[in-house]
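Asks: Chain residues, written in single-letter form:
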Amino acid sequence: MHRFRRSGSFVRFFVEGEPADVSDLSLLKALERERFKPIEGSATDDESVGWVTRGDLSGARFEPEDVIAEHFLVFALRIDRKKVPATLLRIHASADLRAAASGGKPLGRAQKKEILEETKRKLMARALPSVSITDCIWNPRRGVLYVFATGGATLERVARHFRESFRRSLAPATPSIVAERLKLPDPLRKVMSHISPADLVGSSRAASARAQEVEA
Amino acid sequence: MSPKSAKESEPQVARDERAFLGEEFLTWLWWRFEAGESEYDLGGGRSVGIALDGPLVLRDRREDEEGKRPEQSLRHGRPLSGVEAAAALKRGKRLVRARLIVADADREWNTTFDAETFSLRSCSVPESEEEEAHVRALETVTAYEQISTALDGVFRTFLLERLSPEYTDRSLPKLRDWVRSKPLS
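Line order of the protein sequences matches chains A and B. Mapping of the first sequence onto my numbering: position 117 corresponds to residue 144, and the numbering continues sequentially without gaps. Mapping of the second sequence onto my numbering: position 4 corresponds to residue -1, and the numbering continues sequentially without gaps.
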């Protein structure tokens, strides 16, 4: 296994479904099947999402030793996005329209649209993507996925791709969900179902007024 | 390769109706830390010590007219012992984010804990002393799970106390005494 970061921000998800084992090759195959495919040079695709390994961030190789680390699967979600800058598109489009109209015959609406689309395709093929890599650690035996991101959009993207790859949903580790998994005694689980917030201050009007003064 | 439509994404996570337990948990850790009771037995011969530090984020219990719970961030100096933090607690604010130093035997993790999402931000794990690269990498990966399970274990200790019938008569008065005893000058 390749070196892994010694610090980072992460969110935990609980993986629904039966526990699995890293030796279950279907997991590795699912990762490989939904791996990242590059869009550099593509004139039509503006986004690509897929799994990669720490050993090969291109998504070309999925060696078990790059992914399996004892009872963990270690991989990453790569998201590439390409965008043609609007101003650049405008400049090229007007040049292409001028060139097309140089014969003297006015261009029809359909012709203009076709030229604009061709200009966009031409620039898209030359555009370089922005790349984001989100590390993931999955312990399939315990059913826990650690995702090294905190942004909602990235987390949703990982959750969606995970569900599409493994047919398993993810539940974020909120206080309630963590509590449910802690195997609390039954009587306490019942208390949990109708618990309300505790008043940690109690009633002391004078103290509260003084605190308000300090805060102000 | 092409993206699925945005609307087809994961179902939105329903708001956790008991998210306040995370805030109460973090506030409880603060109280235990200041009371010198920050060593937690996790069973199986494992125990951890947890110290708190700034920056802190405290949040009102109630929503304002815009439906938001006003937050207060305390970064400078020693926010845990500052009058601003004391005043916020006395006004009923809850600790929702704080730096935690978690020590387990001779290893130490340093992270910012978010009580609402249980996420760990800027989490640094102990350096492995193993010479072989793949063993070092495995230890690093394992260390992220270890801090998560340690915090789960401490959260369980909190819940056993919080959900017990004695909470209102025993623990809550002590917590309130601690809040009241925090100096405002």
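Please note that the accuracy of each hint is not assured.
[Stated by the list, open to error] Residues from chain A that face chain B, not an exhaustive set, calculated with beta carbons under 7 Å:
{"#": "1", "residue": "Arg33"}
{"#": "2", "residue": "Phe37"}
{"#": "3", "residue": "Ala47"}
{"#": "4", "residue": "Ser50"}
{"#": "5", "residue": "Ala96"}
{"#": "6", "residue": "Thr177"}
{"#": "7", "residue": "Gly179"}
{"#": "8", "residue": "Pro202"}
{"#": "9", "residue": "Val205"}
{"#": "10", "residue": "Leu215"}
The set of hints was computed from the structure by calculation and includes no laboratory data. For glycine and all other residues, C-beta sits at the position ideal for the given N, C-alpha and C.
Asks: Hints broken by the structure, by number, lowest first?
Replies: 3, 4 and 7
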